[in-house]
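For reference, the chains in residue letters:
Number of protein chains: 2
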Amino acid sequence: MEKTNIAIVGLGTVGTGVARLLLDHGDRTARHAGRTMWLKKVVDRDLGKHREVDLPEGVLTDSLDDVINDPEIEVVAQLIGGLEPARTIMLSLLEAGKNIVTANKALLAEHGAELFTRARELGRTIAFEASVAGGVPIIANISQCLSANQILSLEGILNGTSNFIVTQMDEKDAPYDDVVRRAQELGYAEANPAMDVDGTDVAQKLAILAHLAFGATVNWAEIPRVGIDGLDPDDLQYSRQLGYRIKLLALAKLADDGLELSVGPTLVRIGTPLAEVRDAFNAIRVIGDAVGPVFYHGLGAGQNPTASAVVADLIDTAVGRTRLTFQTLEYFSIDNPPRVKLRDAATLLGRYYFRLSVANHPGTLAAITAVLSKHSISIASVIQHEPDDGTEHADTVPLVIMTHAAAEGAAKAATKEIEALAAVNGPVVRLRVKD
Amino acid sequence: MEKTNIAIVGLGTVGTGVARLLLDHGDRTARHAGRTMWLKKVVDRDLGKHREVDLPEGVLTDSLDDVINDPEIEVVAQLIGGLEPARTIMLSLLEAGKNIVTANKALLAEHGAELFTRARELGRTIAFEASVAGGVPIIANISQCLSANQILSLEGILNGTSNFIVTQMDEKDAPYDDVVRRAQELGYAEANPAMDVDGTDVAQKLAILAHLAFGATVNWAEIPRVGIDGLDPDDLQYSRQLGYRIKLLALAKLADDGLELSVGPTLVRIGTPLAEVRDAFNAIRVIGDAVGPVFYHGLGAGQNPTASAVVADLIDTAVGRTRLTFQTLEYFSIDNPPRVKLRDAATLLGRYYFRLSVANHPGTLAAITAVLSKHSISIASVIQHEPDDGTEHADTVPLVIMTHAAAEGAAKAATKEIEALAAVNGPVVRLRVKD
Ligand SMILES: NC(=O)c1ccc[n+]([C@@H]2O[C@H](COP(=O)([O-])OP(=O)(O)OC[C@H]3O[C@@H](n4cnc5c(N)ncnc54)[C@H](OP(=O)(O)O)[C@@H]3O)[C@@H](O)[C@H]2O)c1
Ligand SMILES: NC(=O)c1ccc[n+]([C@@H]2O[C@H](COP(=O)([O-])OP(=O)(O)OC[C@H]3O[C@@H](n4cnc5c(N)ncnc54)[C@H](OP(=O)(O)O)[C@@H]3O)[C@@H](O)[C@H]2O)c1
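So the sequences go chain by chain: A and C. All residue numbers for the first sequence refer to our numbering, where the first residue is 0 and numbers rise by one. All residue numbers for the second sequence refer to our numbering, where the first residue is 0 and numbers rise by one.
Just so you know, these hints were derived from the structure itself, not from any lab. Among the clues, some could well be false.
What the hints assert, rightly or not - Ranges between beta-carbon positions, derived for each pair:
1. Met0(C) to Glu221(A): 30 to 36 Å
2. Val381(C) to Ala193(A): 51 to 57 Å
3. Ala379(A) to Gly25(C): 54 to 60 Å
Built from N, CA and C at the ideal position, the CB exists for glycine as well.
Turn these sequences into a full structure, and let the hints guide you.
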């Protein structure tokens with residue numbers, strides 16, 4: 000039987016999962032690849048660290064050169080996070096003639112064009128299934144399985160940490176900080192979960208998906224994004240009363256005048272599939288013009304689900320499918336002009352949820368609705384409860400307003416004017432509502 | 000740009016959808032295939048029939064020889080249903096050097112080994128994404144995307160017609176015959192939906208999936224199967240009271256002593272994803288040992304969703320990915336011995352739902368529970384209502400029993416003994432309950 004020699008660079012969470020799959024299930028990978036998938040080298044920088052995998056004698060090294068200078072190694076799973084030295088290492092592996100498999104969405108979102116162009120020049124490939132939605136094979140599904148379609152929209156829950164936090168806040172009525180602490184204890188959130196909860200990670204993944212599905216060339220940092228880090232349990236509760244759950248949603252939607260992209264906490268109607276995605280799960284709903292809606296749900300992170308995606312890529316690369324796909328689709332090619340432009344965020348239509356803290360006296364609601372009406376925003380529903388402390392004469396009361404479809408620009412302007420009203424205390428919470 | 004010449008044989012529902020995608024979206028297919036996907040010939044037997052697609056001059060023919068004898072045609076979407084002449088036509092197309100794309104699960108379930116072996120001998124390929132779950136790309140997902148995994152189980156709703164009927168019966172409390180008539184009017188059910196509703200179609204699809212996922216060589220007719228054609232609205236109603244919906248479920252589950260396969264109406268807990276699959280949708284839940292649970296949901300039939308799968312296969316075949324997968328995985332190879340054997344149905348453990356019509360007098364329940372207990376079947380819950388007509392002294396009353404896990408053989412034997420009791424009228428309804 001033929002043999003494909005493989006190396007892993009970066010033996011962390013994902014790398015360990017990949018090493019285990021290759022070492023413990025050689026029969027399976029051989030059957031699915033039609034050849035032996037042989038783990039020849041593993042590079043990590045700290046050889047003294049405790050390992051959760053037994054590597055055969057001579058496999059572990061702290062020298063990247065052991066991979067670079069070994070012409071027998073054809074494929075490298077590069078599983079270091081961050082931008083540098085990940086970028087430099089990937090470039091030198093490509094120069095050395097290796098095909099790459101990566102899970103690093105930050106690197107692709109930032110340096111995709113450079114890396115893919117270099118790979119193409121060198122006749123090498125980069126596979127990246129694990130970079131979006133972990134174990135859910137959304138990259139292959141968009142690139143191949145749905146290739147008969149023009150994708151019309153993508154809606155995704157793409158960050159397991161955020162979804163875990165939001166689910167726990169929702170189900171336990173617990174404040175953000177408590178839940179983050181619990182998530183860290185359980186290993187769902189990293190010591191510094193900033194990029195997960197502020198929407199950065201989701202925006203990077205959305206930039207990648209938008210490129211594959213729509214041919215958009217997007218700087219992830221330009222995608223309008225809001226995280227869940229400021230989320231207030233009150234908003235989860237009011238949303239429930241209105242029949243919604245709040246999810247950190249990535250949205251891409253094609254219209255005649257361009258592509259709409261956004262990331263932010265969004266009200267999703269209870270009972271629809273995305274609203275029921277709980278804890279660390281990810282999900283993506285794709286609409287294609289031929290296939291209609293297709294819904295994918297699975298674990299978006301974690302050692303084994305992510306390793307599942309990496310090893311599938313290693314097999315595809317060994318078999319030769321990756322090369323064909325890579326050559327055909329020319330992803331992240333600087334020669335390919337973008338096929339769509341981004342729509343102007345201000346003109347995007349959407350429904351909104353507003354929560355305000357308002358003075359408990361006559362005329363307040365009238366003043367607020369006057370501002371909304373001036374901006375052509377019509378109201379769908381209102382919740383105005385008794386004051387929290389039960390006293391009838393509290394100074395301020397919460398007011399929740401759900402609107403019909405309105406332009407983002409108008410909603411933003413109205414928010415600013417409402418915040419300036421004397422009867423309104425503090426900032427207004429404004430969230431999107433998925434139709 | 001390179002060009003791949005394509006033919007369609009059988010311009011029915013699916014064939015028309017495929018022709019439209021190829022003719023109307025040549026730019027898209029070219030981009031995704033890296034070459035022009037050129038529809039050169041369409042063969043149908045009745046040239047006078049009304050067409051829902053405008054074929055360019057010279058494309059339509061009633062002579063298969065126009066394809067067989069045209070060496071420029073490399074790929075053929077063969078979209079005739081049934082076994083013959085579909086089988087003979089496919090063999091002659093293979094002999095003529097064509098690669099095949101098919102949606103015909105009946106043909107594959109019946110003659111897969113013969114056709115794939117011949118294709119392999121001739122160096123040709125057969126792609127069959129559309130044969131299971133229509134637009135949901137489950138074949139590619141099992142064969143490639145989840146290739147790092149040992150699949151542990153598959154649970155699927157694989158027949159849109161049946162699911163439409165069951166959903167409507169459930170939501171409208173309507174009897175089977177009325178709903179079938181409505182489904183036929185709406186075009187969801189064929190004039191003769193026998194193979195859809197009696198479980199045949201699902202068993203054929205499950206036989207294909209079981210081969211891909213587990214290496215099982217299964218005669219579909221040997222898969223224990225029950226259809227929805229005998230389903231009584233009362234059972235849907237009692238199930239709801241117990242917190243379940245009834246779905247026509249295909250099940251494949253790996254255990255140490257072999258593979259369990261079954262098709263039948265099954266109680267699925269309300270709120271779990273499979274229970275919420277409505278109308279003509281299909282869904283599949285796969286559990287892989289690395290990835291965990293992955294859930295797929297989409298349209299399992301219909302012109303465009305099915306054409307989406309066929310055209311994806313045409314693109315994969317033109318690009319060359321199909322050849323690599325076909326060579327590597329050796330599906331339906333007579334040289335590959337089955338990797339698992341089927342488990343003895345009698346030993347399978349499962350929970351059961353029983354509904355009986357029993358004499359309304361003391362001692363009846365005791366007699367029935369004595370039989371169950373004799374067969375080591377313990378009871379989880381019981382529903383015994385007032386007689387249907389409200390009269391307290393009706394002769395017979397319905398009795399519903401839900402059990403804990405019991406062996407299929409024991410459940411079957413107990414059913415027979417219960418049916419023989421004097422206090423029990425008519426046959427016992429016995430349905431499986433998904434854990
Ligand atoms: N974890 C997940 O669930 C998940 C899911 C999807 C995608 N990803 C992506 O997968 C990548 C890896 O994630 P991870 O969770 O496995 O990270 P991790 O646990 O931090 O692992 C990274 C490993 O690379 C090593 N490393 C760092 N710099 C190196 C260098 N210059 N040379 C050799 N080794 C080096 C690290 O060693 P030290 O420990 O000494 O720093 C560590 O062992 C990231 O891009 C991440 O975004 C992760
Ligand atoms: N429809 C779906 O949603 C769907 C979904 C998944 C898979 N499938 C599968 O796809 C296949 C096609 O289904 P369909 O719904 O498209 O069937 P269909 O509408 O009956 O189309 C079959 C076409 O083939 C033609 N045909 C039959 N024998 C022929 C022959 N010897 N030579 C040339 N043409 C011939 C038929 O012509 P006549 O009209 O003259 O008989 C008809 O136009 C079946 O295997 C089915 O199981 C269908």
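Quick check: which numbered hints come out false for this structure?
3
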